[in-house]
Every structure is written in C-alpha cells, then in structure tokens.
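Q: For the protein sequence lines, the chains are A and B, in the order given. Take my numbering: the last position of the first sequence gets the number 618, and nothing is skipped along the way. Take my numbering: the last position of the second sequence gets the number 1224, and nothing is skipped along the way.
Keep in mind that the hints are not guaranteed to be accurate.
Only pairs whose alpha carbons sit at most 35 Å apart, straight line, appear in this in silico DSBU-like list of lysine-lysine [claimed, not checked]: (1) A/Lys219 x A/Lys538; (2) B/Lys1146 x A/Lys446; (3) B/Lys1150 x A/Lys9; (4) A/Lys16 x B/Lys1143; (5) A/Lys98 x B/Lys1146.
Here are the computed distance ranges between Cβ atoms for each label pair [said to hold, decoys possible]: (6) B/Ala1080 x A/Lys295: 23 to 31 Å; (7) B/Val1056 x A/Arg137: 36 to 44 Å; (8) B/Ala1117 x A/Gly198: 53 to 61 Å; (9) A/Asp522 x B/Pro1012: 31 to 39 Å.
Hints listed in this document are in silico derivations from the structure and should not be mistaken for laboratory results. In this text, all values refer to a predicted model and were calculated from it rather than measured experimentally. Note that the Cβ used here is the ideal one computed from N, Cα and C, for glycine as well.
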Amino acid sequence: MTIEKQLEKLLPQVSKPTRYMGNEYNSIKKDKDNIKVHVALAFPDVYEVGMSHLGIKILYHLLNQYPDIYAERVFAPWVDFEDLMRKEGIPLFSLESKTAVAEFDFLGFTLQYEMSYTNILNMLELSGIPIFSNERREGHPFIIAGGPCTYNPEPLSDIVDFFVIGEAEEVIVEIMDLYKSFKERGESRQRFLEEVAGISGVYVPSLYNVTYNDDGTIKSILPKQADIPRRIQKRLIKDLDNVYYPTNFVVPYMDIVHDRAVLEIFRGCTRGCRFCQAGMIYRPVREKSVVRLEKLAKDIIASTGYGELSLASLSTSDYSELKQLTEILTDEFRQSRVSLSLPSLRIDAFSLELAKKVQEIKKSGLTFAPEAGTQRLRDVINKGVTVQDLLTSVKDAFSSGWKTVKLYFMIGLPTETYEDVEGIANLAFAVVDVYKKVHGNTKGLKVNVSTSTFVPKPFTPFQWESQITLSEIEERQKFLRSLFRKNKNISYSWHDGKLSFLEAVFSRGDRRLGQVLKIAHDKGCKFDGWNDMFSFEKWMSAFNESGVCPEFYAYRKRSKDELCPWDIIDPGIDKKFLLRELEKSQKAEITPDCRIRCHACGASKLKAGGCCETKNEI
Amino acid sequence: MKLRMKFKKGRPVMFISHLDMIRTFERSFRRADLPLAFTQGFNPRPRISFTPALSVGITSSSEYMDVEFEETISPDDAVARLNAVLPEGIQIIKAGTADEKIPLSTVNCATYIVKTALEMENPSELEKGINNLLNRKEIIIEKSTKSGVKSVNIAPFIYNMKLLSNTNGTADICMEVSIGQQGSVSPKLIILELEKVLAKKLEIVSIHREEIFYRNENNKILPL
Ligand code: SF4
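Isolated chain A, as found in the complex (with noise of 0.2 Å):
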C-alpha cells in the first residue's frame, strides 16, 4: 500500500490531520522521475510551527526554480501520529509526494532553538535513517543543516553530515550543481564530502579531529587533511536588494502559528545589545529598497490573498525609510482590506503614531522589552532604554487608548542583584502609576510581565559568561512572584529554568553531548520545548549515564583565552570587538547605535551594507 493509501485510513484518527495533508495552495508538484536532486527541508517541530518560519519557505521556492530539483516539506509528527506511524509501519515521509524521506538525496534542517534537537533524532529514527553519520552508507541522503543554532554546530557534530554556516541563498545553489555532477561522475560518499567541504560556508565536522585538555576543555580542533578549512566562514548576502524573495509562499489551511504574508525587510542589527546572538552574527545591516519591497509585497499578496502582511526584520523601527514604506503599503492595500503588522518594533513617540495608523496593535497590546530592571544593568547589557523613555511611551500609549502592555525582562544577566531583580517589579508599578494618573484608576489596566533567563551565546560579548544555578534562577523568580502578589493589575509569567539551563548547556556545547543526545532520545525526549512533553529527569539521567557534566558548559566561567567549540566558525565580528565589550559592560559602559558611530567589530571586511570601519574609536 501506498503511504498516501495508508494516510486516507488513518488520518482520520489523528487530531489536527492538515497538518500531514500537504496540497495546499501554491504548495509544488513535480514528477520525480524528471528530477536530478530531491531535497526534504525539515523542520524540527510540528507543521503550525515549521510552516511558521521564513527561512524553510525562502529555500524551499528558492530550489524549486530549478526544473531539476524538488524540494519538498518534512515536519515532526505529533505524538499521537508517530505512534499510529510506527505501529503500522509508515515511515517519515514528504508532505507533496508522500515520499518516504530515506529516499531522498538531502534531509536539511532547520535548527532555529536547541532544545528542537532531539526532534532531529527522532526524525532521523522514523525515516530508518542512522542517528550518527559514521553509521550511514552510500545511498543515505546527506544530512545537512543550518539556521541561527549552527553558528554552534559542535553539540549536533556527530549527527550531522554537514552544515551551511550563514545566509543560505547562494551557497545552497553551489551545493546542488556539486551534487549534480557528484551524481554524474558516480563518485562515493566521502568524496563528495570532502569536495563540499571545500564550498565557503560549509562545515562537514567528521573532517576535523578534536582534541582536550586534562581539565575538558577543547585543546584542538584541526582539519584531517591539508585542503579543508581551518576556519569555516559565514554567508553573506551582499546584494540583499537583488537577492531571491518568493512570493507565491504555501497558504497553509490550519490555522499556524504566524499565518501571514512576510515580508523581510532587512538583515543585521546596529543596536549591539551585549546578550544577542542574533544582533551579532547577521552583521552588517543590508537593507531592502522601498521600491522593491512595494513590488514584493503587491506580488505576495496577489498569489497568496493573505489578508495580513507583516514586516519582518531584528528591528523594525530601524528602517531607515520605515514611514514611507508603511505610507505606501497601507494607502495600496486600503481597498483590499489587507492589514500590516510590525512586530518588534521599539516603543517609541514616531514608532507609536505609526502604531496608531497601522491600527494592528491594539488586538493584542503593547509590548515593551526594556530586559533589565534598573539603569545600571540595562547599560551593562547595552540595551539603550532609560525609564523616562519607557514612561513617556506608556504614557502616550494609555492616552491614546491602550490598555494592555506587555514587559519583557531578563533575570540572571551578568551583575545581576536582587536589586535590579526588584528593579524589574519597580518598573511595572511605575507603569501602574502612569496608568493612574492618566485615568484616575487601574480600571480595565493590564500589565503582563514576564522573565525568561539569561543564556549566554556563542559570539556574544558574554559568551564567557556563566548562567546562574537553578535555584538561583527558582529564588528570582520568587522573588518577583512574592512581589506581584499583591497587584491585581500586574500578571507575572516567566519561563521554565529547567528549560533555559538545558539551553545553556547546548547553546555553548561541544561535540561529547552527541551522546546525551541519543540516550535522551532512548529515554523518549522530544518536543522539549513543548510544556507537556518536557522531561528534566529524563534528561538528568541521560547526562548521567553519559557521563558528560551539564554544570560544565552551563555554570563554567570561561577564560578568555580558551578556545570554544564555536571557535571554528568565523561570523565576520572579531574576538577583539566581543572582548572590548566584555570590558564595557563591566564598567557598565554603552556603546551606541553603530549607525552613529562605528565600533569596529570586523563586520566591514565583508564588505556588505553601509559599514564605515574608521578605528576611531580604539
């Protein structure tokens, strides 16, 4: 029996059946047999979450251009599924033909969170796939990988064939015509990983041997042969104007978790908050024009009909031509009905009347992210927000009709002390009071705070920062709950430590926590990230018996000599910039917006963007 046979029997039984469907609309069809190179793109989670995420959408139009390659979608089952999936035999397979994946040329993942890892596992394990690479054969498909997690890709090392470091548009084009004639010449395995090594961007780990010092920590990590990279470099999109941009993107039938049109708008961030990954390894900022995103945006909306398009980028507010373009896309989707929405945007007097025009903030609130509680640490972390800028915009914000504003914290950033801990609570009263003083009363008032926990991040300045210990992060957290409790206008929500400790682990991880991997997976660990399913004992024994320490990568302060698991990776920012950081924010010194002024970070000498390396800073 066909796989598409079987799903008629037993989709129904299954909750959210659309989700294993496929056939929406704009979703591509091909015949195989006319085909050089079949690709499943992954995502390590369920469909609403996979089909949520940009990049996946951008790859998966992008190589289907290509007469000669299909690419289609695979997505983690959900448990109830799997289970009927392994009882009756059905392996992982695509969502356009049915195709079990084992059969593919790639299997290529997403990895957008660590804690989706294990989901690769179990995927791998439905599709008959072997876990580790050293286990599989000629005619396994090649797993690759890529997305923010692979700018650590150690921890996933010995799982994962290869990986793509960076903006994936072009290099992704160059793995495919290797492939091509790798297939033509009938060449084996290794070669070909051995030539794709030699691709800029492209990691393929079981080339490099690694090497520890008595105290664990990495003493080597060097390349087997003499023609394979020392250093692995990002991608960069230098031209982001003229770069691929689909616009006939699936319209899922289900309601997902971001279902609308995006449309990106630019790449990078200038603001250089010390605690973001993302703030850091997307430098420099390259920026859409207005004129092509007019265009983009009439095409998207015309071959999907989504009804909203939102804007997407590190910061929205930081478009330079952001009124404009606003101006020009309501005024063209007036008569439609089609809605904009600008996700992170910063509260501020211009981006707040441009709320107000957008009118799509109001559904669901107002969100502010001022991360730290007091002054000092927020000029520690570089996050440039003073309480009078905050103050002022809830103010204008209450004024103007607003009655819902969400606070987003931090707990357990470098320096952290209980007073800044209360700082945190300090400020939501404030906003109360602001609240008061506009209306008279709290009626109708709600303040929504809540804390997540610091993860210190490959290529960061706090990289060599430790996290503090779960009890700490429970203390804090108390903490704050005991001063909430008496506030009925305030709600406090803060995100599981557990969670946020593995996440520690993995994100600073090197290659020995392959094992833990798979004994978490024995053990049945998947779907981390989704409350209900997350086991920490599960997890616990699994570092348990594989002897590797958790405390090691999450707690240890590292000395700024040590060389790091992600040390092989070369993101275009300097270990120099990262450490004069470091300094920085000891002294709680900030370092502003590099459109103001350059601070050097290395990122000019890829030679993209507006960058104006002038070293006058140093």
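Start from chain A and add chain B with the ligand according to the hints.
A: Using the frame of chain A, we list chain B with the ligand on its own:
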C-alpha cells in the same frame, strides 16, 4: 450585491475544518481580485455566510455560501475567476442571485451516500436491516453533552434510507437525514445502529454529502 454559490469539497480537502474553509475562501476571493464586502468596526470580517458546517472527513458536492460584494459582479465571471485560484478539491459549481431564494439558514435536510465494506453472503439481509431501522419509531442513542450523557431518539431525524448498490463486498447506502438547529444525526451514528441490527461489522469507507435543501411535508426546495 449578494451572490449565492454552490461548491464542492473533494477528497484532497476532506480533512480541513469549517474554519479552515472560511479562511481559504477569504484568501481565494482576494487572489481572484473579487471585491468582498466587509463588516464595519475595528476587526472587519468578510460578509460570507455558509450552510451548516460539514464534519471533518466528509466530502460534499453540495455546499452553499452567500457572498456580498462591494460592486456588481456577474455570476459567471465570479465562478470563472474564483475557480482559477481555488485549491485542488474545492470548486464552485454554480452561482446566481440569492434574491427570492430560501435563506441558507433554513436548510434542514441532507442526503448522504455512505460507502461501507462488509462481508455478507446474502445482500437482502442488508436491505432488511435498513428497512427495519427506517420503520422504527424509536432509536435511542446516548449522546454525551456538556451536562452529562443524554438519551436522544434519532428515529425522527432519519427521513429515508436505501441501498443503492451492493457488490464485491462494498455497499453504498443513501440516507436522507435532518441537519441544522432542529436536530441532526450523523451518518456515522446511523451506521453504528445498523451494525447493531445486523449484528455485523460495517466498515465506513467514505461519506459523501450529495445534496442539502429545505424540506417540509410535501416539498423539497434547493437553495439555488
Ligand atoms: S563594522 Fe562598524 S558599522 Fe559595521 S557592523 Fe561593525 S560596528 Fe557596525
């Protein structure tokens, strides 16, 4: 202006929900560049109303919707433009004015064709079972509702039932049943009852909604 449209929901979309269907149509109208009319207010919704929701997993060749446009559109034009941009499995069969037609909310009856698989040596046994069920004054089933389990008599909701074909182990059963507010019964439930009567397992292969309409003592009125 308002248009009434009849459409089908085929196998490729049989698992999408009523809400998915509404979203799909709203987007399809925009792709077709047909100017939908929207409700006023802060969160404008398109002015489209549908006949009672079809259960997930059932195909249909007889769904209806009333659609309001901001401009005058010819029915043929609307059908052509919409069909060009609808996903595989959804298709507009015809369109026309909704004036002087019954309101969609009065639709109260549907015919279904249920394809079942069974092992039965004597086909007339099945026919007898169907007639037995049809002639009963009372068929009590247990329905779980929010306020606990309730006993409901579904016999009055079954208007008609007949065996269309019975060959090679599959039987097509046609049933005419009540739908909508005043009471409804799903074809699945009827098959369950039929199994009891026959003391045999009937496996449902597919359920298809053939037609929906307004029915009273002596009349059957189609929405379009
Ligand atoms: S080189 Fe200068 S301008 Fe460019 S990203 Fe780095 S700090 Fe900013």
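Q: Each hint needs a verdict: does it hold in this structure or not?
A: Hint check:
Proposed proximity of A/Lys219 and A/Lys538 is supported: the alpha carbons are some 31 Å apart, at most 35 Å. Simply put, B/Lys1146 and A/Lys446 have alpha-carbon atoms about 32 Å apart, close enough for the 35 Å limit, and the pair holds. Distance check on the hinted pair: B/Lys1150 and A/Lys9 sit about 30 Å apart at the alpha-carbon level, within 35 Å; holds. The straight-line distance between the Cα atoms of A/Lys16 and B/Lys1143 is roughly 23 Å, inside the 35 Å bound, and the hint therefore holds.
Distance restraint check for A/Lys98 and B/Lys1146: the Cα-Cα separation of roughly 39 Å exceeds the 35 Å cut-off, and the hinted pair is therefore not satisfied. Checked against the hint of 23 to 31 Å, the C-beta distance between B/Ala1080 and A/Lys295 comes to roughly 27 Å, which is consistent with it. Roughly 42 Å separates the CB atoms of B/Val1056 and A/Arg137, a value that falls within the hinted 36 to 44 Å. In this structure, B/Ala1117 and A/Gly198 meet the distance hint of 53 to 61 Å, their C-beta atoms being roughly 58 Å apart.
Range check, A/Asp522 to B/Pro1012: Cβ separation about 38 Å, and the 31 to 39 Å hint holds.
The earlier numbered hint that this structure contradicts is number 5, and it is the only one.
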